[in-house]
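Protein chains: 2
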Amino acid sequence: MEFYNDLKLGVLGGGQLGRMLIQAAMNYNVSIFVLDPDVNAPCKEFSSEFHHGSLNNFDTVYNFGKKVDVLTIEIENVNTDALEKLESEGVKVYPQASVIRLIQDKGLQKEFYKERGIPTAEFFLLDNKEELHDFESFFPAVQKLRKEGYDGRGVFKIKSKGDIEGGFNKPSVLEKLIDFEKEISVIVARNASGEVRTYPTVELDFHPEKNLVEYLFSPAQLSEKLEQEAQELAAKVAKEIDIIGLLAVEMFVTKDGGILVNEIAPRTHNSGHHSIEANITSQFEQHLRSVLNLPLGATDIKTNAVMVNLLGEPGHDGAAKYVGLDEVLATDGVGLHLYGKKFTRPFRKMGHITVVDKDMEEAKRKARFVKNKLKVIS
Amino acid sequence: MEFYNDLKLGVLGGGQLGRMLIQAAMNYNVSIFVLDPDVNAPCKEFSSEFHHGSLNNFDTVYNFGKKVDVLTIEIENVNTDALEKLESEGVKVYPQASVIRLIQDKGLQKEFYKERGIPTAEFFLLDNKEELHDFESFFPAVQKLRKEGYDGRGVFKIKSKGDIEGGFNKPSVLEKLIDFEKEISVIVARNASGEVRTYPTVELDFHPEKNLVEYLFSPAQLSEKLEQEAQELAAKVAKEIDIIGLLAVEMFVTKDGGILVNEIAPRTHNSGHHSIEANITSQFEQHLRSVLNLPLGATDIKTNAVMVNLLGEPGHDGAAKYVGLDEVLATDGVGLHLYGKKFTRPFRKMGHITVVDKDMEEAKRKARFVKNKLKVIS
Numbered sequence: 001m002e003f004y005n006d007l008k009l010g011v012l013g014g015g016q017l018g019r020m021l022i023q024a025a026m027n028y029n030v031s032i033f034v035l036d037p038d039v040n041a042p043c044k045e046f047s048s049e050f051h052h053g054s055l056n057n058f059d060t061v062y063n064f065g066k067k068v069d070v071l072t073i074e075i076e077n078v079n080t081d082a083l084e085k086l087e088s089e090g091v092k093v094y095p096q097a098s099v100i101r102l103i104q105d106k107g108l109q110k111e112f113y114k115e116r117g118i119p120t121a122e123f124f125l126l127d128n129k130e131e132l133h134d135f136e137s138f139f140p141a142v143q144k145l146r147k148e149g150y151d152g153r154g155v156f157k158i159k160s161k162g163d164i165e166g167g168f169n170k171p172s173v174l175e176k177l178i179d180f181e182k183e184i185s186v187i188v189a190r191n192a193s194g195e196v197r198t199y200p201t202v203e204l205d206f207h208p209e210k211n212l213v214e215y216l217f218s219p220a221q222l223s224e225k226l227e228q229e230a231q232e233l234a235a236k237v238a239k240e241i242d243i244i245g246l247l248a249v250e251m252f253v254t255k256d257g258g259i260l261v262n263e264i265a266p267r268t269h270n271s272g273h274h275s276i277e278a279n280i281t282s283q284f285e286q287h288l289r290s291v292l293n294l295p296l297g298a299t300d301i302k303t304n305a306v307m308v309n310l311l312g313e314p315g316h317d318g319a320a321k322y323v324g325l326d327e328v329l330a331t332d333g334v335g336l337h338l339y340g341k342k343f344t345r346p347f348r349k350m351g352h353i354t355v356v357d358k359d360m361e362e363a364k365r366k367a368r369f370v371k372n373k374l375k376v377i378s
Numbered sequence: 001m002e003f004y005n006d007l008k009l010g011v012l013g014g015g016q017l018g019r020m021l022i023q024a025a026m027n028y029n030v031s032i033f034v035l036d037p038d039v040n041a042p043c044k045e046f047s048s049e050f051h052h053g054s055l056n057n058f059d060t061v062y063n064f065g066k067k068v069d070v071l072t073i074e075i076e077n078v079n080t081d082a083l084e085k086l087e088s089e090g091v092k093v094y095p096q097a098s099v100i101r102l103i104q105d106k107g108l109q110k111e112f113y114k115e116r117g118i119p120t121a122e123f124f125l126l127d128n129k130e131e132l133h134d135f136e137s138f139f140p141a142v143q144k145l146r147k148e149g150y151d152g153r154g155v156f157k158i159k160s161k162g163d164i165e166g167g168f169n170k171p172s173v174l175e176k177l178i179d180f181e182k183e184i185s186v187i188v189a190r191n192a193s194g195e196v197r198t199y200p201t202v203e204l205d206f207h208p209e210k211n212l213v214e215y216l217f218s219p220a221q222l223s224e225k226l227e228q229e230a231q232e233l234a235a236k237v238a239k240e241i242d243i244i245g246l247l248a249v250e251m252f253v254t255k256d257g258g259i260l261v262n263e264i265a266p267r268t269h270n271s272g273h274h275s276i277e278a279n280i281t282s283q284f285e286q287h288l289r290s291v292l293n294l295p296l297g298a299t300d301i302k303t304n305a306v307m308v309n310l311l312g313e314p315g316h317d318g319a320a321k322y323v324g325l326d327e328v329l330a331t332d333g334v335g336l337h338l339y340g341k342k343f344t345r346p347f348r349k350m351g352h353i354t355v356v357d358k359d360m361e362e363a364k365r366k367a368r369f370v371k372n373k374l375k376v377i378s
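Chains as they are written, first to last, in my numbering: chain E, 1 to 378; chain X, 1 to 378.
Because the hints were derived from the structure by calculation, they are not lab data. Hints are not guaranteed to be accurate.
Stated by the list, open to error - Counterexamples of contact, computed for chain X against chain E with all Cβ distances above 12 angstroms: (1) F124; (2) K129; (3) E277; (4) A320.
Said to hold, decoys possible - Output of the computed footprint for chain X on chain E, the stretches with three or more beta carbons under 8 angstroms from beta carbons of chain X: (5) 56 to 62; (6) 295 to 305.
Ideal placement from N, C-alpha and C gives every residue a C-beta, glycine not left out.
Okay, chain E solo, but in the shape it has when bound (with noise of 0.2 angstroms):
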């Protein structure tokens, strides 16, 4: 590859995951067109065009993606339709509108693992809330949105009848609620030469009401047989759904010791944030790699990390501040990733940390201190 100057690389979204891509990006002198619906995205600044407009119209995504040489996403809630045209008229798409499209339906997910033989909970599909009733057995439950989920957001726990009158009255699917020993996720990178690479497996601590990650251990402790049968899990589904670019693997360790797949991201992913310290290739410039078709980088870790996500206080909505930033920083370890936001409102992730330190102990130690301190409000 001789062309590096002149690549255009388009991402549809503007977000953070744009953001840390760009980063990445300067360092290979490629270029960054970015899609994003709001006119102050953390990319716009960064990015070497930003159009403002719809991620969902058909016609804004397409002549969009007319003018960069590779597309490539960082939200998957996308028009898929024009991604497909895109592909059919030359351009490459990675990941690809198939894979997209699959992973937008939560539903069409779940009967992929199925038939894929990839393990999964148990899940059946509904049309709407009547139908809950139907699978008062089945509970406890919980019920997910086929579409449009995201951050958290269209997941609702069903512990027995009573829940029902909370639930979606949307398609959706319900899945039988996991009781799980942890929650990891492995990153895999795929290049379009057939390459494929995954990233040490992490543990995930979800905040209890926002099902957002709260903290993330690198590595996950794990015996040296799940670690394997993790990575090799991640990989097989990296495989079966064919993707170019970065899939993100979330799964469960079940009480009896098994694997289950939980959710899939076929995008840069929160669960890899602490690999632009930890690990010898960062998730943002292993996307790189693997949507240009180069060489994927090793994946091996540098140091142990726990990464903490910065998220808006509640009942904070306006201007951004950061409270508490200085204590954070005069403790050493700490990496400060600000995403450029400039307001803030209850739970939006406005940045995060990794604290990196030999000893994992005092790694957990200083993040939970970081967690008390740092706080956005307004």
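Once you have looked at the hints, place chain X on chain E.
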């Protein structure tokens, strides 16, 4: 500090050092304003405001400085009169005008070392070439232009009187040629609160002709005693010179086991590039922390590293092409940094590569492979 979303940091110079500073500043929500005489400067696309103009023109620098909260540099050849006026009007200029003024003149620099008891090679100050004849018994020596030497320019080796004819006919420093064991560098950060942190010492391998860093090894292979001496000496220079910001201190380890200060640079430096991948806090983030008077970050090594500069191939002048990149990227541990320069010319700094590996010998082997394989041609 709560103002993160509004802070404007001005940078005099928009080359690769500014570009890597922007990559770091994105994580702090700091807006970077850049002034550079090249309309295609590597920072252009990524700065919040790019101003095109001379760094040596009083009005240009002054007017630019009035737009920002804090002003810093990525090259020391700038108009210091304008910086002094800005300081007197309350703009925070870090490093300070007085520090830059001192470092701009290698003669003043050497006299400063002498005055403060900082060990350095014996020297004399000359006004013209004619005077070289008075120092025949002092040869072998190195003649360095007092002003405007940069990136290996302005340095001339005089082994014997036969070389005098090729010397500079300008104010210069004539320095005893040091028959050194190795060249090392320590980067020191100091903030306005007086906090000081040094990076572990690195070892430099220079291009025999061009006086540009060819390989950098981190950490340096030094005895514990020498490592400590190098750290202390570098910190002493930073304190004596009273700098706020980063100071790169290049030193010689002499054959009899002494350390002499060779040259200093009041900014991020080629000898700190490896810190992006290999140390807890990169020199670019550290520079930001120091000029914004934030707590300084830990400098510990995460992994061994070898850095290789990617220089324009001799005989090539024009639009840059990169040959051998695929083989290089297929090597585990390679971190690529291209600088976004459209045109190459012989020995122009076009990028760098940092190879990380647990095993230093393996890192060196890979770095040699990279150096032989990767070429920038036109």
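Status of the hints after comparison with the structure:
1. F124: holds, 44 angstroms
2. K129: holds, 42 angstroms
3. E277: About 8 angstroms separates E277(X) from the closest Cβ of chain E, which leaves it inside 12 angstroms; violated.
4. A320: Since the minimum Cβ distance to chain E is about 6 angstroms, A320(X) lies within 12 angstroms and the statement is violated.
5. 56 to 62: violated (count 0)
6. 295 to 305: As far as the region 295 to 305 of chain E goes, the hint holds, because 6 residues have Cβ atoms under 8 angstroms from chain X.
Hint violations for this structure: numbers 3, 4, 5, all remaining hints satisfied.
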